[in-house]
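Enquirer: What follows is each chain in one-letter form.
2 protein chains.
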Amino acid sequence: MTHLNLLVGGPTSEWPDQLAAGKVSGDWIGVDRGTLRLLKMGITPLVAIGDFDSLSADELSLVKRSVTDIRQAIPEKDETDTELAITVALKEYQSDRLDIYGATGGRLDHFLANLWLVLKPRYREFAPKIRFIDRGNTITFYLPGEYELQKEADKKYLAFVPLEKVDHLKLLDEKYRLADENVPYPISYASNEFVGETGHFSFTSGLLAVIQSRDTH
Amino acid sequence: MTHLNLLVGGPTSEWPDQLAAGKVSGDWIGVDRGTLRLLKMGITPLVAIGDFDSLSADELSLVKRSVTDIRQAIPEKDETDTELAITVALKEYQSDRLDIYGATGGRLDHFLANLWLVLKPRYREFAPKIRFIDRGNTITFYLPGEYELQKEADKKYLAFVPLEKVDHLKLLDEKYRLADENVPYPISYASNEFVGETGHFSFTSGLLAVIQSRDTH
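Residue numbers (this note's numbering), protein chains in the order written: chain G, 9 to 225; chain C, 9 to 225.
Honestly, the hints are just simulated from the structure, not real lab data.
Since the model is a prediction, treat every value here as computed from it, not as a measurement.
Accuracy of the hints is not assured; some may be wrong.
Any copy, or any two copies together, can satisfy a pair, since identical chains are not distinguished.
What the hints assert, rightly or not - Using 30 Å as the maximum straight-line C-alpha spacing, the simulated DSS-like pairs for lysine-lysine come out as follows:
(1) K31 x K99
(2) K183 x K128
(3) K48 x K99
(4) K183 x K31
(5) K31 x K173
(6) K178 x K72
(7) K183 x K163
(8) K128 x K48
(9) K72 x K31
(10) K173 x K128
(11) K173 x K85
(12) K164 x K48
(13) K163 x K85
(14) K164 x K72
(15) K31 x K128
(16) K173 x K99
(17) K48 x K183
(18) K128 x K178
(19) K178 x K31
(20) K85 x K99
(21) K159 x K31
(22) K183 x K85
(23) K183 x K99
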């Protein structure tokens, strides 16, 4: 099992405490300003991706001096730097689990582009391997099936979030249950909660995100 | 023309400067903690909506003493407090323009529930009247048609964001153009820019958001 982490360039104010403390284990891929932030924490990423045009000359020099494998997305391929990073992690490094940090806060067009990556045909099959983590939220993705969720100790809320039409959604043992719901368009069933330490759900078509969250203010 | 503002309970760190400075003109509706925050800025909302169960006894007393019209969503109607607030603003007060603050940052299940409100049949026709505003982003919504956008002076980036299947999307005079695109699932065409002060676009079916944004870090 290969676990990789990805740091993209969103605001550090949204980082979870363990990332800010440099305590996230595993190898890293850096995207744009994320690469510089890793280097400043003493972490050398396996791969750095981006055109780095927002970095100063000194910052760019640090990146080039430190990272052996530097790449840039080709705009003609209709692929963003973050998408290239995910492709490298999942296909080249065959990562079984990809945790993405720095994708929330700040620009909402960036957040939505990241959230909806998994709807693209070339990423859909990899959706269950991708996780977004920030200081108050963990987002995971599910293809049709039956699942057991584990409650995260520091999170209170549980949300079921069909990203598209989802059929026969059943929430079996959560605080608020659904017997058998056909969801015709994207919706965020927010503010549900675990009863105990696990929760079970299932659905038969479409793609669904689960968000565990807590209040951070 | 009636313009109303709505303040929901997301983190104040995401407020635009003019809200933090108390300089947003017009009448207000407060939702949950948003009501308390308005009162503390010296603004008495027309209506306060919520169960206020996260407020202290003193805070609740201040709300009850200050606001004449206090209401609560009925969970059996499958309506959230924010949805009730939007219904009151658009149907009861017949607002032509509803600016919603405090809907971003913090819990992502809340943000997505707010963003996707306009996909619900009972809100879809009102989508063009609703705007979400935070310190780095303005989100507006469009039903099929031909439009001219005005660049916001403090924003650099422009994103076209189909929230569902959208047909014949044409970006006519922006930095990155689309001749005639059928978009099969939600996507965020991020990091586009205006050329000059206006931009023109059109599409023939579906619902589309436009996000003007700037870097805030």
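Enquirer: Please name the hints from earlier in the document that this structure breaks, with their numbers sorted from lowest to highest.
Expert: Violated: hints 4, 5, 6, 8, 15, 17, 19, 23.
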